[in-house]
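A.B. asks: Hints are included, so try docking the two chains, each in its own frame, into the full complex.
One line per chain: the protein sequences are S and P, in this order. Throughout the first sequence, residue numbering follows my numbering, covering 1 to 115 in sequence. Throughout the second sequence, residue numbering follows my numbering, covering 1001 to 1113 in sequence.
The set of hints was computed from the structure by calculation and includes no laboratory data. For clarity, every value in this text was computed on a predicted model and none was experimentally measured. Ideal Cβ placement from N, Cα and C applies to all residues, glycine included. Be aware that one or more of the hints could be misleading.
Claimed, not checked - Sample of chain P residues with no beta-carbon within 10 Å of chain S, all distances over it, derived:
hint, residue
1, L1011
2, K1013
3, T1014
4, S1027
5, G1028
6, E1052
7, F1060
8, G1062
9, E1082
10, Q1102
Stated by the list, open to error - Some but not every residue of chain S turned toward chain P, in silico, with C-beta under 8 Å:
hint, residue
11, Y39
12, Q42
13, G43
14, L44
15, K49
16, Y50
17, G53
18, F90
Stated by the list, open to error - For lysine to aspartate or glutamate, the following EDC-like pairs were computed, each having C-alpha atoms within a straight-line distance of at most 16 Å:
hint, chain 1, residue 1, chain 2, residue 2
19, S, K49, S, E64
20, S, K69, S, D95
21, S, K58, P, E1101
22, S, K49, S, D95
23, S, K49, P, E1101
24, P, K1013, P, E1082
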Amino acid sequence: AQSVTQLDSQVPVFEEAPVELRCNYSSSVSVYLFWYVQYPNQGLQLLLKYLSGSTLVKGINGFEAEFNKSQTSFHLRKPSVHISDTAEYFCAVSDSNNYGQNFVFGPGTRLSVLP
Amino acid sequence: KAGVTQTPRYLIKTRGQQVTLSCSPISGHRSVSWYQQTPGQGLQFLFEYFSETQRNKGNFPGRFSGRQFSNSRSEMNVSTLELGDSALYLCASSWRGSSYEQYFGPGTRLTVT
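Next comes chain P alone, as it looks inside the complex (with noise of 0.2 Å):
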């Protein structure tokens, strides 16, 4: 099976500008999570989707929002960029929920400048 698959993996924005990120989950996984990592403030959790509805949601400003497509397939947009935006962005997936284990995605690296 192919693992989870993240695009772009590498991203350069502009303050003020959006972004969107893409994450395929593994085959059959209907459960997608998305979470920042920065050497600062570590893992942070972002959300949940499972089966499209978004089931968790971290403690994060609005400008942070995704959606999930019947697919299972994910994507999260950051609109109104801020510096401190910049991170590793990394996606989950699981079979049966975040509460399980999740397989994770290479990540994608945004930097804003």
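If we strip away everything but chain S, and leave its shape as in the complex, we get (with noise of 0.2 Å):
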């Protein structure tokens, strides 16, 4: 069975600094994975995905994402935030070889981006 761990419960971090949310999975077959994003009182938007290919996927709002497989993270990352990304950040794995099989979601990280 598939586990991910988010080491951060939570990331302030001020306004157009980098940031960086750290998500480590486990699973003893071949993985995809997601990021997804939830604002107060919404439900969860992607974020990105990686399924195959090269391994630095980018997705909306500026994000991106780097699948390391020796390590096994699916590190977030944006170059410069912006208050409007305060919000809940949760990383996902699911079994790519079990067509099925449900996803696994991490704990989430709370990012909070200061002025």
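C.D. replies: This is the structure:
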């Protein structure tokens, strides 16, 4: 079974500073990886995904993530954050070999962008 | 394309009652998954339906059930509500199945008193 670890439960950062949100996963099979964002009182919005191909994945709102198979990581980065990026971010993994296998989400990282 | 819709958005129920939540997926999506989100437990998978068949189920008691209709709309039912069932219930749809990217609705906020 897969599992996801997001080491930082909260990350405060000043506006226009860079940010990295860490995600590590464990799985005995090949995986698909995702980052979602949740704004207050809303559902989850897909930021980016890794299914195959290039390990550097670009998403919406200027975010990108890099899949590192040897370190089983999929860290999310943004070079310059805005106040509007304040939200909860979830990393998720699914088993790419088992069609229909459910997602496993990490516990989330609350990003607070300070003025 | 319209996104995933969930009704109702907010619901208050009393312990012991039952509740039915509804989810309409994105047009053309055949997979619908349900999740429970609470501050303490985070996002937990309830079940997935694909073409009217339950394909996967999370670790929840039998009080939680669901179904999917031929138009891919899905309902989730919780019987004999407990205080601990208070949560945000999220529905997600996917064209190919829940291993791939899923698109989430805004959720139904259920409060059990």
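A.B. asks: Hints first: check each against the structure and report whether it holds.
C.D. replies: Against the structure, the hints come out as follows:
Non-interface call for L1011 of chain P relative to chain S: holds, since the shortest CB-CB distance, roughly 15 Å, exceeds 10 Å. Consistency note on K1013 of chain P: stated as away from chain S, and its beta-carbon is indeed over 10 Å from all of that chain's, at 20 Å minimum. At roughly 24 Å from the closest C-beta of chain S, the C-beta of T1014 of chain P stays outside 10 Å, upholding its exclusion from the interface. The beta carbon of S1027 of chain P is kept farther than 10 Å from every beta carbon of chain S, the shortest such distance being approximately 17 Å.
Consistency note on G1028 of chain P: stated as away from chain S, and its beta-carbon is indeed over 10 Å from all of that chain's, at 17 Å minimum. Every C-beta of chain S lies more than 10 Å from that of E1052 of chain P, the closest at about 14 Å, which supports listing it as non-interface. Listed as a non-interface residue, F1060 of chain P keeps its Cβ farther than 10 Å from every Cβ of chain S; the least gap is roughly 12 Å. For G1062 of chain P, the non-interface assignment is confirmed: its Cβ lies about 18 Å from the closest Cβ of chain S, beyond the 10 Å cut-off.
Separation of E1082 of chain P from chain S is adequate, the least Cβ-Cβ distance of about 23 Å exceeding the 10 Å criterion. Distance check on Q1102 of chain P: its Cβ comes as close as 7 Å (rounded) to a Cβ of chain S, failing to clear the 10 Å threshold; non-interface status is violated. Annotation: Y39 of chain S was flagged as interfacial toward chain P, and the flag is violated, the nearest CB pair being 10 Å apart, outside 8 Å. Proximity of Q42 of chain S to chain P holds as hinted, the smallest CB-CB distance being about 6 Å (cut-off 8 Å).
Below 8 Å, beta-carbon pairs count as interface contacts, and G43 of chain S has one with chain P at about 4 Å; its hint therefore holds. At a threshold of 8 Å, the smallest CB-CB gap from L44 of chain S to chain P is about 4 Å, leaving the interface hint in force. For K49 of chain S, the interface hint holds, the least distance from its beta-carbon to any beta-carbon of chain P being 5 Å, beneath 8 Å. This hint is violated: Y50 of chain S has a C-beta 10 Å from the nearest C-beta of chain P, more than the 8 Å allowed.
A distance limit of 8 Å between C-beta atoms decides the matter here; for G53 of chain S the minimum to chain P is near 14 Å, and the interface restraint is violated. Of the supplied interface hints, the one on F90 of chain S holds, with its beta-carbon coming within about 7 Å of a beta-carbon of chain P, less than 8 Å. About 10 Å separates the Cα atoms of K49 of chain S and E64 of chain S, which keeps this hinted pair within 16 Å; it holds. Of the pairs offered as hints, the one joining K69 of chain S and D95 of chain S holds, with about 14 Å between alpha carbons and a cut-off of 16 Å not exceeded.
About 15 Å separates the Cα atoms of K58 of chain S and E1101 of chain P, which keeps this hinted pair within 16 Å; it holds. For the given pair, K49 of chain S sits about 13 Å from D95 of chain S by alpha-carbon distance, which is consistent with the 16 Å threshold. In summary, the hint linking K49 of chain S to E1101 of chain P is supported, as the alpha carbons are separated by about 7 Å, within the 16 Å threshold. Distance check on the hinted pair: K1013 of chain P and E1082 of chain P sit about 10 Å apart at the alpha-carbon level, within 16 Å; holds.
Violated hints, listed in ascending order, are 10, 11, 16 and 17; each of the other numbered hints is respected by the structure.
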